[in-house]
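K.L.:
This is what each chain is made of:
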Amino acid sequence: MSGAWWTPAAGIWWIVLIKCAVLLFAVITTFAYAMLFERKVMGWMQLRPGPNRVGPWGLLQPAVDAVKLILKEDLTPKTADPLIYRLAPFISLLTAFSVYAVIPFSEPAPGNIWAISDVNAGILFILALTSIGVYGISLGGWASGSKYPLLGSVRATAQMISYELAMSMSLIGVLILSGTTSLTGIVRGQATVWYLFPQFVGFLIYIVTAVAETNRAPFDLVEADAELVGGFNTEYSGLRFGLFFIAEYINMLTVSCIATLLFLGGWNAPFHLTMIPGIVWFLIKVGFFMFMYIWLRATFPRFRYDRLMAFGWKFLLPVATLNLIVTAVVVAVRG
Amino acid sequence: MGRKNLFNVGALLAGLGVTFKYMFQKKPTIQYPSRKKKHAPRFHGLHELRRYGDGKERCIGCELCSSVCPANAITVIGAENTPEDRRSPGERYAERYEIDELRCIFCGMCEEACPTDAIVLTPRFEMSELRRGSLIYGKERLLVPPDAGTGTPPDDRPNGIPSDLGRVAEIKSTVRWEEGYDATWRGHVLKTQTKGLAD
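Going down the list, the protein sequences come from chains A and B.
Here this note's numbering is used: the first residue of the first sequence is 1, the next is one more, and so on.
Here this note's numbering is used: the first residue of the second sequence is 1, the next is one more, and so on.
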């Protein structure tokens, strides 16, 4: 290895590094404004104006929130397991961020793949990472050494295992249709028809399970402020609470990206409106899903715990499996 | 049972429709510090100790307000007037007059009990402080400045509000008194009250 930092071989690493930095910045900015957007939209739906005091139209609110969280005291309860307690938010956050290593944002052009890495098993990588993300919540709640966080994390574990099964099942239908696990390949397979239409059942199941996977209302039993105070993050404060918060929103963004890539044709333009670049279409579609999450949260009350489990195991999983079998049979018969 | 609710997709969609519709409706929020709602003309707010037109204090230190106060928020210690130092027209005046605004429930019974209309409740309600002790109002903060004096009690004045002079004038700059109190009168229907909701 005679490579110095200026050689072409090292150049590739530099490009990846720069891409990572840009993406990190973009994702964090998106998170900040997704949060503001959520508070605004929820406000409108509840006949309030939403945050509008800091900066024009409340645009500086995320910055102020960040400063507030950083300045808050970072408490560790006496009964907590200090190492795991402190580590847990980082597990959540790192897995949430890592997913963006494989998400393609637009059609790969020569010399530019519009993603940090276009791996051929992208969807598997994402599913694996989001599964690890559960550990952040489970361990965080368990290590808090307090009853409500423990209940929250037990719920998190149960909920995520139950819904991840149905979620994976609903995605396999798409994988069968496209015949690839590469995200770019899946999007290319939707050049004419989005998988939304042949896989409509799978799409609906994915939407529902994705809400559950990200612990958003109406599946936010993990936090359940009414019964569990704040669920797994009850004991967390300051920046560590903030990290969980960021992770939640980035996970929201992730599942929106996956839904866009797998069901809504990714960067493919609808109605041949190709004069608008693919990346813009991609962002519009992701934005639609983000709005939908907020919409759901503003509308529906929280599930009861036993119904949540019953719904996952007795309805979603069988339907997802059925959808998978039907898809497989149809694809096999058509050859 | 639960199953029926869970699969009632029509109801779920209807719910989504409601929130979506509400998103575009006009918001009833009043942007508080910059805009203020009109409140009733006889709103019970911060107290004021009044004077006669000649500058003499109305309070005669009878302690009726103190004894009628259901929250025990008023402390009055009276003293005798002397020919050299005549504070009020009667025999006595209030040497100390303190109201603990944190205890006060703003019922207005002191106002009703007062034989000389000395203690009145003004519509001012913005009295937050950083310390509890600061909310025990002494005579120096309750008594209107000597040059503020009009001899009439608030109910008899044209627009039904106490004068806003001296110390009070500072607060006045943030409150649109004229908006809140026009066209309303004791015993009349408060027309402005519902209108006030639209920012």
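There may be inaccurate statements among the hints.
Within a straight-line C-alpha distance of at most 25 Å, the following computed DMTMM-like cross-link-like pairs (lysine to aspartate or glutamate) qualify [unchecked claim]:
1. Lys-27/B <-> Glu-38/A
2. Lys-147/A <-> Glu-73/A
3. Lys-36/B <-> Glu-95/B
4. Lys-68/A <-> Glu-80/B
5. Lys-68/A <-> Asp-225/A
6. Lys-72/A <-> Glu-129/B
7. Lys-21/B <-> Glu-38/A
8. Lys-36/B <-> Glu-112/B
9. Lys-26/B <-> Glu-38/A
10. Lys-139/B <-> Glu-84/B
11. Lys-147/A <-> Asp-74/A
Computed Cβ-Cβ distance ranges for the label pairs, DEER-style [said to hold, decoys possible]:
12. Ala-269/A <-> Val-18/B: 50 to 58 Å
13. Thr-75/B <-> Arg-307/A: 32 to 40 Å
14. Arg-86/A <-> Glu-129/B: 38 to 46 Å
For the record, the hints were derived by calculation from the structure and aren't laboratory data.
Predicted model, so just to flag it, every value in this text is computed and none were measured.
Cβ coordinates follow ideal geometry from the N, Cα and C atoms, glycine included.
K.L.:
Taking the hints in turn, state whether each one holds.
P.N.:
Against the structure, the hints:
1. Lys-27/B <-> Glu-38/A: holds, 17 Å
2. Lys-147/A <-> Glu-73/A: OK: Lys-147/A and Glu-73/A at ~22 Å, within 25 Å.
3. Lys-36/B <-> Glu-95/B: Violated - the C-alpha atoms of Glu-95/B and Lys-36/B are around 37 Å apart, more than 25 Å.
4. Lys-68/A <-> Glu-80/B: violated, 56 Å
5. Lys-68/A <-> Asp-225/A: holds, 21 Å
6. Lys-72/A <-> Glu-129/B: holds, 23 Å
7. Lys-21/B <-> Glu-38/A: holds, 17 Å
8. Lys-36/B <-> Glu-112/B: violated, 28 Å
9. Lys-26/B <-> Glu-38/A: holds, 18 Å
10. Lys-139/B <-> Glu-84/B: holds, 21 Å
11. Lys-147/A <-> Asp-74/A: Answer holds: Lys-147/A to Asp-74/A is near 20 Å, not above 25 Å.
12. Ala-269/A <-> Val-18/B: 50 to 58 Å: violated, 33 Å
13. Thr-75/B <-> Arg-307/A: 32 to 40 Å: violated, 59 Å
14. Arg-86/A <-> Glu-129/B: 38 to 46 Å: holds, 39 Å
Against the hints set out earlier in the document, violations occur for numbers 3, 4, 8, 12 and 13.
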